[in-house]
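As a plain string of letters, each chain reads:
2 protein chains.
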Amino acid sequence: MIYVNEAADPRLDDFRDLTTADRRPDRPGGRGLVIAEGTVVVRRLLASPYRPLAVLGVRRRIEELADDLAGLPVPAYVTSSEVMADVVGFHLNRGVLAVAERVPQPTVESVVADARVLAVLEGVGDHENLGSLFRNAAAFGVDGVLLGPGCADPLYRRSVRVSMGNVLRVPFAALPEWPRALLWLRERGFTVAALTPRPDAVDLRRLPNGTTGRVAVLLGSEGHGLSEQAIAAAQLAVRIPMAPGVDSLNVATAAAVAFYELTGTRAAASSGERDASAAAAN
Amino acid sequence: MIYVNEAADPRLDDFRDLTTADRRPDRPGGRGLVIAEGTVVVRRLLASPYRPLAVLGVRRRIEELADDLAGLPVPAYVTSSEVMADVVGFHLNRGVLAVAERVPQPTVESVVADARVLAVLEGVGDHENLGSLFRNAAAFGVDGVLLGPGCADPLYRRSVRVSMGNVLRVPFAALPEWPRALLWLRERGFTVAALTPRPDAVDLRRLPNGTTGRVAVLLGSEGHGLSEQAIAAAQLAVRIPMAPGVDSLNVATAAAVAFYELTGTRAAASSGERDASAAAAN
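In order, the protein sequences belong to chains A and B.
When you line the first sequence up against UniProt numbering, it's residues 1 to 282, in that order.
When you line the second sequence up against UniProt numbering, it's residues 1 to 282, in that order.
Bound-form chain A, shown alone (with noise of 0.2 Å):
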């Protein structure tokens, strides 16, 4: 712990000006610096592969993650909040804060190699809706997040802090190719299943029973919806069933109805009681 109380102190210069700060390098005013905001966030960002430059906070947030930071190069700068603000320059009302360097994302090959379920997005657009997406992605073990055309960047400062700092944890890449990219992962053994609310869509309660193996759920923004070559290209078109009059859920509570479902099928049928449930529906 290294105290300082003066915001023009050269130590805390990793922290200057971050309102920009968290954009790809290759943007205006931007250093592509990872932010993380709160000691939760701060706890995530020190456990991932991105590499902490520094910890500022106020002492009781910095005491807070005293386990955290033990043994790790990571300098933790104690400072008042109002020094915090002057630096950082804007209010921060969780304490603390660590910035990290951003680490080459994974292939999108090594995200999906594994992966049983992903979530595979296109034109989601709004930092916090992804943050959100991502958050509930990682409650339900989804395995990697691929981003399609149109997606926001999951780590600017507002989508790590909606995320609570899943964007960390979640693995995720961008698609090269669009739709082409739902083809190849239709080869890869994945049931690409479109999320929409149109009504000749299946029902995710009635699910056909192929569709408890790979999956990837395909989700599209709040206002435009999938764009018909995407759907097009996916196998099956899926539909939350919704009461009548009721036109869309947030991208993000659609994501974790869907997620809660798949992986569900995916345990229900691992476990061998989809099977007789369906078996006894026919």
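Treat the hints as calculated values from the structure; they're not laboratory data.
Yeah, the Cβ is synthetic: ideal placement off N, Cα and C, and Gly gets one too.
Among the hints, erroneous ones may be present.
Cβ-to-Cβ under 7 Å is the rule here; a few derived chain B residues that face chain A [claimed, not checked]:
{"hint": "1", "residue": "A138"}
{"hint": "2", "residue": "A139"}
{"hint": "3", "residue": "M242"}
{"hint": "4", "residue": "A256"}
{"hint": "5", "residue": "G264"}
Over the 12 Å line for every Cβ pair with chain B, so calculated as not near, a few chain A residues [as the list claims (entries may be wrong)]:
{"hint": "6", "residue": "L18"}
{"hint": "7", "residue": "Y50"}
{"hint": "8", "residue": "L53"}
{"hint": "9", "residue": "R61"}
{"hint": "10", "residue": "E63"}
{"hint": "11", "residue": "E187"}
{"hint": "12", "residue": "D200"}
{"hint": "13", "residue": "A201"}
{"hint": "14", "residue": "D247"}
Fit chain B to the given chain A structure using the hints.
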């Protein structure tokens, strides 16, 4: 359509300084107004039991609402977005808003009377979470929301907006006695199912067969969870199965998953499938 050019025009007085006007009249600055923003939410307000005083918007948005406004004794004022922001006191990016007076809320008895699935909330004090929860309740056809202690006001502007206007559609009422109200629900034939991450709770996917009738889903705040007394007053503690190392879901997301499962359980049970499935599993 009435064109107005000046922010000082007295015909816009219902829209003046709305930053605190959504509070209940007994609160500082509160005028008890219900504020709907954007065409979707204004449309829901116009179709609700709330009585709109007036609508204010840019021409394009008012034109989109022409069919909804036809025949209603509600003046529609057209102006620029600058004048709108000047009058209401905050920035609007949806181009139209409507204000309505509160109506007396339905009694608990009337919300409960014909309900099959209810949400019962304790300590959900965040306006956005509350709004999202109403949106999800509407999506899955939950029949009503009962508010226990510590809940936010569903009619605050932010709740109305995040709910997509569904706080105006899904009936709600405040519960007077807590947790005695839960026993009262049980006497009326409801299975009160408390949602909690406790490891000894029943997996949401493995609910006992009795849970196909009337169900009240009891939900607590994300931070503190349900009180011991509330869980003790429920028949059943239920958990959403989550991946190891994941602590919680957002309360509105958890609610969506529970609503999906419980309204589905009901649907499956009424078509006889769940019974068949249970028989096969036993």
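Results for each hint:
no., hint, verdict
1, A138, "holds, 6 Å"
2, A139, "holds, 5 Å"
3, M242, "holds, 5 Å"
4, A256, "holds, 5 Å"
5, G264, "holds, 5 Å"
6, L18, "holds, 24 Å"
7, Y50, "holds, 17 Å"
8, L53, "holds, 25 Å"
9, R61, "holds, 17 Å"
10, E63, "holds, 21 Å"
11, E187, "holds, 28 Å"
12, D200, "holds, 19 Å"
13, A201, "holds, 16 Å"
14, D247, "violated, 9 Å"
This entry does not satisfy hint 14, going by the numbered hints stated previously; all others are met.
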